[in-house]
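Asker: Dock chain B against chain A, hints included.
Protein chains: 2
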Amino acid sequence: MTPTQPHIASSPNGRQLPGHRVMLGRERPLRLDCGVELADFPVAYQTYGRLNAERSNAILVCHALTGDQFVAEPHPVTGGPGWWDLMVGPGKPLDTDRFFVLCANILGGCMGTAGPREDDPATGRPWGLHFPVITIADMVRAQAMLLDHLGIEQVFMVIGGSMGGMQVLDLAATYPHRVFAAVPIAAAAHHSAQNIAFHEVGRQAIMADPDWCGGDYLSEGRHPHRGLAVARMAAHITYLSEGALHRKFGRRLQDRDVVTFGFDADFQVESYLRHQGHAFVQRFDANSYLYITRAMDYFDMAAAYGGVLADAFRDTPVRFCVISFTSDWLYPTAESRQIVHALNAVAANVSFAEIVSDSGHDAFLLDEPEFHRVLRGFINGAAEHRGLPRAAS
Amino acid sequence: MTPTQPHIASSPNGRQLPGHRVMLGRERPLRLDCGVELADFPVAYQTYGRLNAERSNAILVCHALTGDQFVAEPHPVTGGPGWWDLMVGPGKPLDTDRFFVLCANILGGCMGTAGPREDDPATGRPWGLHFPVITIADMVRAQAMLLDHLGIEQVFMVIGGSMGGMQVLDLAATYPHRVFAAVPIAAAAHHSAQNIAFHEVGRQAIMADPDWCGGDYLSEGRHPHRGLAVARMAAHITYLSEGALHRKFGRRLQDRDVVTFGFDADFQVESYLRHQGHAFVQRFDANSYLYITRAMDYFDMAAAYGGVLADAFRDTPVRFCVISFTSDWLYPTAESRQIVHALNAVAANVSFAEIVSDSGHDAFLLDEPEFHRVLRGFINGAAEHRGLPRAAS
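As given, the protein sequences belong to chains A and B, one line each in that order. Going by this note's numbering, the final residue of the first sequence carries number 393, and the count climbs one at a time with no gaps. Going by this note's numbering, the final residue of the second sequence carries number 393, and the count climbs one at a time with no gaps.
Certain hints may be false.
Since the list gives no way to pick one copy over another, a pair counts as held whenever it fits inside one copy or between any two copies.
[To be verified] Taking lysine to aspartate or glutamate and the EDC-like style, the derived pairs with C-alpha atoms no more than 20 Å apart in a straight line are:
#: 1; residue 1: LYS248; residue 2: GLU335
#: 2; residue 1: LYS248; residue 2: ASP358
#: 3; residue 1: LYS248; residue 2: ASP300
#: 4; residue 1: LYS248; residue 2: ASP367
#: 5; residue 1: LYS92; residue 2: ASP367
Simulated from the structure, these hints should not be mistaken for laboratory data.
Isolated chain A, as found in the complex (with noise of 0.2 Å):
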């Protein structure tokens, strides 16, 4: 197998993307949740470690949001260490000597695979609005579409955080036979209002630059980036607890000893917030996060399967392991343990942990110990059932 690099990727800042990419779809195309059919499409995506012979020690991680394929390496627009480091690689929690680990940029990305960013081929001119308006179940479609072409028919362990959490789950509920572990974090089964509320003011923000452009600013040559800094401002509160907020920040003051009487980032939060807003519009594609934002907002599995949440984990071979943690309040615990009581239901093979962290949400970004060790666990129990060799101890 050796990965075809079609053409050279770019990220949303021009620069030349590294890595492995390649088209999709020639044969049999990719139909969407919305009707549209996307055929010969692009899909980046990095490895770390090696497939053995059976080719049974894939693990897939699925990036969140803003995440992107670039999980243990520096981020090549950044600079940055990637953004799951701490979690992936040699002896880490999930093993590089052990395991092939594979991400792929999602569809809908901005990272080089098929997105608003991307040229429709159709046209030779970058997408915009005309990108079809995409679902989870289509992100996964897509996953599972590059497991062909890897040659991958059962992954060992499908993992993510977030949005990649959704994938986890639509994923083991679609292709139950195509994974054998799956660990979704800090996820849900549906979004909730609350959810729905914060993206839509994301896209609002977006959308009322006047450099958006109506969605065709690539072509305008033009860029929201007012925009997407609000937006990403706004997402990044709910992304930490309160108390993290307070640790962090508190009320201290940014490089001064009184406030100022004016409207200058007198608070280290505020400064620290603008730093998050202009960083990210270097990485990400305005467009990009309307089509993500709504792909997550439309997100919801029990009405997939008429209503009923368990219906979707009926019979399932794969084995769980669900993980919260205490002070994310953007997908509360309360949310996952409806993922817990479904996959009991139809007496799934499950295990649930809910990590005590005052981080919020982007805990399972960080270095949680208690979340490390329930994950070594687990995956070392359920390597040992798949057949795939200790670790080196």
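Answerer: Okay, now just chain B, sitting in the frame of chain A:
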């Protein structure tokens, strides 16, 4: 006492405003925390009920961030009911058959009181960002000047929710002998990092709008309506609990049976938020929003008293009734408890009620029978101690 109307006030959408308006600070200017002095500045206010001969039955209502003086009458811009119509009127908890209810548009506001929308007397043009940055304490100083003007030495009660509650606390601390009873509702003695963060997002949304024109939009004949609408939408989510959003909207679709695979308001909650944004910009000024959110961010009563909140209330003769709501995550009960603990530490006369409600922060504006019952009880008790006549039975 005949309130003067030096010139006609207008609303942000240019409509002439009814009601009272006085010029204050002509003889003794208002010295602001930032060091600037305001002389000869307008304050617009409304009254309901009659001041008794002893001038002892006044209730000062302090409004919240986006409130105004039109407490219990049709709003002159929207035509909707006054924001506390449920609370203020004959036979209602703030019974206008017994009490003289008074509410002034706050300093920095946009409904007739001095703020960035009003003309700077020095230039004859709108203040814009040349208006001095104000604090909650400055707002309260202006309230006290209005009481002076009206010849009211001591109010029977000062009451307000959210930012209104901050003013209640500051007024009781700064002018303890001018207040018989004080009712801070859904408030806090300081603004948390999360509160500041949400406000900063709103400010950035406004300032990102090119129609904001660096704050000079009024002189340019433009209006940053898109940015202000986004700010309002983000804030509005924080006023509701997740439960209230779920109960009101859930994942129900707006006037359609299936999703549209597009970026229209598919969900009721999206449609509702967009409506909130659009309606708000008709009645509010973007620069006012900047100034008032800033005043709230700066609010930290303990800091003003050497870090010890209790010192703000040492030897206070004021009777307090502190009220919070179980589902208010913006100003959670824990923050009201801090106020109660500080009052207890100085042996103040304080009662505390946490009202069970799933309506979130906005509960103080809604028909919450238990809240109204608690308030009636406190008012009747305090009125008896003050020697005011009982309610008609």
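Asker: Hints numbered earlier in the text: which of these fail when held up against the supplied structure?
Answerer: Every hint satisfied by this model.
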